[in-house]
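All chains should be modelled from the sequences, with the hints used to inform the complete structure.
So the protein lines, in turn, are chains A and B. Just so it is clear: in the first sequence, position 159 is 159 by this note's numbering, and no numbers are missing. Just so it is clear: in the second sequence, position 258 is 258 by this note's numbering, and no numbers are missing.
Honestly, the hints are just simulated from the structure, not real lab data. Careful, some of the hints might be misleading.
In silico lysine-lysine, DSBU-like type, Cα no more than 35 Å apart, as pairs [claimed, not checked]:
#, chain 1, residue 1, chain 2, residue 2
1, A, K176, B, K16
2, B, K293, A, K54
3, B, K63, A, K136
4, B, K293, A, K176
5, B, K293, B, K16
Here are a few chain A residues that face chain B, going by a calculated C-beta distance under 8 Å [unchecked claim]:
#, residue
6, V7
7, A82
8, Q99
9, L121
Quick caveat: nothing in here was measured; it's all calculated off a predicted structure. The C-beta atom is built at its ideal place from N, Cα and C for all residues, glycine as well.
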Amino acid sequence: MADNERVPTVIADDAHIIYRVLQGPGAGNSPLASFKRIATRTKNSNIREVHAVKGVSFVAYRGEAIGLIGTNGSGKSTLLRAVAGLLPVSRGGIYAAGQPSLLGVNAALMNELPGDQNVELGCLAMGMSPAEVKAKKDEIIEFSGINEKGDFSSLPMRTYSSGMSARLRFSIAAAKQHDVLLIDEALATGDASFRKRSEARVRELRAQAGTVFLVSHSEQSIRDTCERCIWLEAGSIRADGPTADVMKEYEAFSRR
Amino acid sequence: MPETAVASADAGLSLKELARRHGLSYSGRLPSLPEYTRQLWEYRHFIRAHAGAKITSSLGNTKLGAVWQVLTPVINAAVYYVIFGLVLNTHKSMDNFISYLCIGVFVFQFTQSSVQIGMNSITGNIGMIRALHFPRATLPISAALVEIRNFMVALIVLFGIVLVDGEPLTFQWLLVAPILLLQSIFNIGLIMFMARYVTKMSDVRQLVPFIMRFWLYGSAVLYPVTQFESVLKGWMLQVVEANPMLVFIELYRHALLEGTTLANVPAVLWIQAVAWSVVVGILGFVYFWRGEKGYGRG
Chain A
1 MADNERVPTV IADDAHIIYR VLQGPGAGNS PLASFKRIAT RTKNSNIREV HAVKGVSFVA
61 YRGEAIGLIG TNGSGKSTLL RAVAGLLPVS RGGIYAAGQP SLLGVNAALM NELPGDQNVE
121 LGCLAMGMSP AEVKAKKDEI IEFSGINEKG DFSSLPMRTY SSGMSARLRF SIAAAKQHDV
181 LLIDEALATG DASFRKRSEA RVRELRAQAG TVFLVSHSEQ SIRDTCERCI WLEAGSIRAD
241 GPTADVMKEY EAFSRR
Chain B
1 MPETAVASAD AGLSLKELAR RHGLSYSGRL PSLPEYTRQL WEYRHFIRAH AGAKITSSLG
61 NTKLGAVWQV LTPVINAAVY YVIFGLVLNT HKSMDNFISY LCIGVFVFQF TQSSVQIGMN
121 SITGNIGMIR ALHFPRATLP ISAALVEIRN FMVALIVLFG IVLVDGEPLT FQWLLVAPIL
181 LLQSIFNIGL IMFMARYVTK MSDVRQLVPF IMRFWLYGSA VLYPVTQFES VLKGWMLQVV
241 EANPMLVFIE LYRHALLEGT TLANVPAVLW IQAVAWSVVV GILGFVYFWR GEKGYGRG
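Here it is as structure tokens:
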């Protein structure tokens, strides 16, 4: 194998993802209607299928940072979850090197626990040994910067502002070396100085021969961190190429 | 749509072949059962930390904090004492009826709250499941550990009640340890089953309170086990007396009380208890493992 050969880390091969959504009570959900449905054995009208990703194929290589763009509800987050193996694909396949890790803003830890215990728990959940956790704990808290305005790491997470908890979550996930790191809107939260620090950390992770996927609505952070962009629209790929080109197309599309 | 350039050596390969060539694994592949068990063992520190965190956070908002762990079983026993000991004054013939009753109530409560906590162990942690990668069975196991810990505190209260009620302290009390182990394995199996079952069929949540009530009445908790013999005969009696909760409760009574009439001879009860915990423990674990990759769907 030649040195200059690019090593694929994530391959999506015609991946389809279908959600089955059980709708809450609404029209036609009275007890009588439900009985009628069961008695006549008609299909439950409350279950709707949402075809969120429709046949997506791409190859991602080691050392790449790929931005995923698209309007709200275009399937970006769903695709990331499937790459992370957290959501099963309905058809096709997604292949990945090692275990991709998803880093999102809605990664709930335990709100009743103080920040430093959440750091320990999060690190253990990522598969670190207790010794590693002990060594990395202070570094993580310092990186998150939650202690800049007093001793917040010993206060329960529920007292944190949304920006602070997002920063802590990012810091926990970024503490581990990932083969494939999937970031879902996490860089958008936090103030300017944290954003700068986290973007530097993403570059560092990439330099350590990983692949980074970034979902963001902030054009700037995509431009700053990714050289390749995939544009998803309504579950299909509209464009895949260098960031500048794809961004231009996307901007023209969204201005319409 | 610009295609991604594929390196020369890989040219012409289909995506699937390319993935195989570079040793990429299929996302969402179910690990084998031994592999899964080994992963679980590697996550033992996480299980312990998660269980500890659950205990701390569940009482975090109360003023008395950890005192509730002792207070809850004491109040529980007091309620039953007032109703059955003072108000109804039932079973005067059995002088240790309060102990008899409390053992049944406490032991049944252990499994009952395990079932309830089991229903939430996946659905209540969905944020964590969607965000991080870890063997999902760590969550029901940590839930079980929380319940085991609570029950061990309750057991100490129970020992006090039994002693105050006039039962002697004997070496037979040591039998509580193996019974506790068997019931815990049984509970873990049950928790794992419930954890997956409610993700597939959330309607069962509405039925569980009734099932548990029915189970309570069928487990000779509130009245002596001998009452079954006077109303049931033959195979029906056999079925009722094979009820795992009845078996566990009878074994605790056998260990703690002197001169109680048991449903069966102790040897039979022990065999039944081992069989139940092995069968339910293994089936629950396998059932849970089969669903491992779908829990993120929520």
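Structure-based check of each hint:
no.	hint	result
1	A:K176 <-> B:K16	29 Å, holds
2	B:K293 <-> A:K54	21 Å, holds
3	B:K63 <-> A:K136	33 Å, holds
4	B:K293 <-> A:K176	23 Å, holds
5	B:K293 <-> B:K16	21 Å, holds
6	V7	6 Å, holds
7	A82	7 Å, holds
8	Q99	6 Å, holds
9	L121	5 Å, holds
Going down the numbered hints, you'll see the structure goes against none, and every one checks out.
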